[in-house]
Amino acid sequence: MANSSATAHTGNHYLNHSKGLMSWLTTLDHKRIGVMYLFSVLTFFLMGGVFALLIRMELFKWGGHNLLEANTYNKLFTYHGAIMVFLVVIPSIPAALGNFILPLMLGAKDVAFPRLNLASYYIFMTGACFAVLALFMRGADTGWTFYTPYSIRTNTTVILVLFGAFIAGFSSILTGLNFIVTIHKLRAPGLTWDRLPLFCWALYATSIIQVLATPVLAITLALLCMERIFQIGIFDPKLGGDPVLFQHFFWFYSHPAVYIMILPAMGVISEVIPVFSRKPIFGYKAIAYSSFGIALIAFIVWGHHMFVSGQSEFANFIFSLLTMFVAVPTGVKTFSWLATMYRGSLHFNAPMLYALGFLELFTIGGLTGIFLATLAIDVHLTDTYFVVAHFHYVMVGGTLMGLMAGLHYWFPKMVGKMYPEKPALIAFWLIMIGFNITFFPQFILGAQGMPRRYWSYLPEFTLLNRISTVGSWLIGIGFFYTAHYLAKAMRKGEKAVANPWNALTLEWQTSSPPPHENFIETPVVTSWPYEYLPENTTMPVNA
Amino acid sequence: MFNQAFAGTTPLQGSDIAVQWDSLYNFLVWLSIFFFVLVVGGMIYFVFAYRHHPGKKTQYITGSHFLEAIWIAVPTLLLLGIFTWGYSVYHSMTQAPSDAYEIRAIGKQWLWTFQYDNGRTTVGEAYVPLNRPVKLIMTSEDVLHSFFIPNFRIKQDVVPGMYSSVWFTATVPGKHQVFCAEYCGTSHSGMLAKIIALNDEQWEAWNNHKKLGAIPEAGSDFSSSSSDLSASRVVAQVSLAEQGRAVYETKGCLACHSVDGTQKVGPTHKGLFGSSVEMADGKVLIADENYIRTHIENPQKNTVKGFNPVMPTFKGLINETEMNALIAYIKSLK
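First to last, the protein sequences are chains A and B. For what it's worth, the working numbering labels the leading residue of the first sequence as -3, then goes sequentially. For what it's worth, the working numbering labels the leading residue of the second sequence as 48, then goes sequentially.
Just so you know, the hints here were simulated from the structure itself, not pulled from any lab data. It cannot be assumed that every hint is accurate.
[As the list claims (entries may be wrong)] One side only, chain A facing chain B, incomplete, derived with CB under 10 angstroms: (1) 35; (2) 36; (3) 143; (4) 240; (5) 333; (6) 334; (7) 337; (8) 338; (9) 444; (10) 449; (11) 535.
[Stated by the list, open to error] Take a look, some chain B residues computed to stay more than 10 angstroms from chain A by CB distance: (12) 110; (13) 155; (14) 322; (15) 332; (16) 364.
All residues carry an ideal CB built from backbone N, CA and C; glycine is no exception.
Kindly generate the complete structure, drawing on both the sequences and the hints.
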């Protein structure tokens, strides 16, 4: 790949190309849309995070009645879950970072359908508004899973939240469609499929799931809305419906959605580790194909959420067996990342720290997933804090670490300034240590039998809950500190060069920040993006 | 030693299944520690061994099919082994012995009610014999609940409109904690109950309506602040099946069904329970609790072969306690 920062530098870039609020709100530039997504997602992350801190505060003492009443608590965990899943984790990497980086990585001027891209953003925000609006009414207290028949009976404004998630789903579908076409049609000359960066492969696999699975969620939520309004009797046993059917529908989307959340993060890690190890990625093809392996298996394992739902023993047998195979492609990726570091020349800038953090947390998340895939073990552990700990290790340990890695990695490209390494290092350790203190005790709580979604708990669970709550404060401080130093860096940060990491993918071959249409001249690709030769071990920026 | 290492992290072993469960769980914990050390230990070693310094060179490696084959094959075999072990323990969790002592449980926001064959009903406490298989046949009056006994390592969702079941053999006497594990609204976390495992003597006393002394928590030698047992139960004079006979008669079942084998407008209920029944469309169903319930609430769904689909629905006309009694009665018609 052409390794030069020789793009003509005129001082003109996408941030100063046009000015004023309207120039942002009506922009068709994928970079600006990516930035708007990023700010929206981070705002929702702040909301969801504050709710999490309140939940942990309530659980500091056993017996309930500490800070919140039961109904308030139930609404808070519902909102924490729904906001984090639908408005933060799902759109975070694809819609925010993906939108910004994908066309740059492909050497394209924009995504295939820029207007559709902007429409996706507004659809997403409309959905988000409905969901947030419910907060100011009677809220919702169903849990983010909306299980029937409780979600039909509750007198909270669950319908607004359902409607919000329904609408936001369309944004996910359209973004997926846009990315698939972009990857197929807009690759720069010479960027063959076997030279495609792994982040693009990951986004491609993710987009396929978004396009195929999200409509099922839309149908399910629409049916649930109709059930609430017209009592049509699909899910409510009082009307002859089947409440377990809802779980099948729901998880048919929501299990693949888990991979919508994690695959892009894996893509980020696959970019960061070779760059900061100064070595070619180990097993390029295996990593690329394993994304598709995961995407494929994603569609046939939904029933593992339902081992104690009353589903037949035969169905449980099949779903448990299939679920085991998720661990194989996931293991392939993990071992390949590890092997990439072997005999490398490692630089520990913030993106690499977060990639290493990802490896640690995701390994625990993945291994505990095997516990839950094992039929007998799941019977005891399902619906306990073990599950809560497991999916936080995967979703936060995986996706959020991936987001933080990507955010720091591409920050110089996005704003043209460097983030400061020292505060980043401090924040990283706060988040990492805080995370493990918060969630590791929850594995033990779950194994001991503490069910999830409990406003009050028995006194024997006090100590571990207390440790967990203290950990949540460290995570909170870590993220607030990150917001602080990144905001400061945006204004006063050191100016970034075009390619601070001496990386080979195309987004680094244009100026930082990139010009309006990304490249002055369309780049031509002559080699694969991980061609790090033995002598090429230095970077313009050192940790 | 390996099996004791994580003893504090799991609850008391209150049943045989719990012992089996713990063996598998401990194996998985050790396996996870192995892989964690392999991956994260390897990572930490690399962090120190391959740190960048000026003039450092890397080795150009792009992959190894040999290594890839290993890290595909080894996990696959291990996972298949784990799956098999997990399924075999699960299988024994789900296969209740046919001589299990049956109790009917009803969940509703936010308490558990238990009905016994001897006609008693208890709330919040289920009395069971020690060292004998017990089967709970459960349903819900409102939303989803889940019956979770950590000491026995079992859990089963309780679904309105149908029966699900769970079974266990308690091997430790005393009280075992029950949680509702499926979110069910405001007081979900307050929907607690106890399984009270009684030794032979206590079990006989309980069956003869005698007052029991204070029962301690399972695993403790001290009698904790046990509630007055008689206060929490409604003592019934007649058995559950007898109560069911009254329901059977007042709801008018006799108009079309018989209990002595004569065929009327509808099939007789004598000898029905547990038998295989052929439907009009040719399929054969086993007449279990769910069969009887569906045929009462939704009689047109499956009509027994040789009969006309004329039965009206009784949905909403029979509550859950009556339904349990009715089924117990039909079951008693041998």
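_Structure versus earlier hints, numbers of those that do not hold, lowest first_ = Hints 1, 2, 12 contradicted; others consistent.
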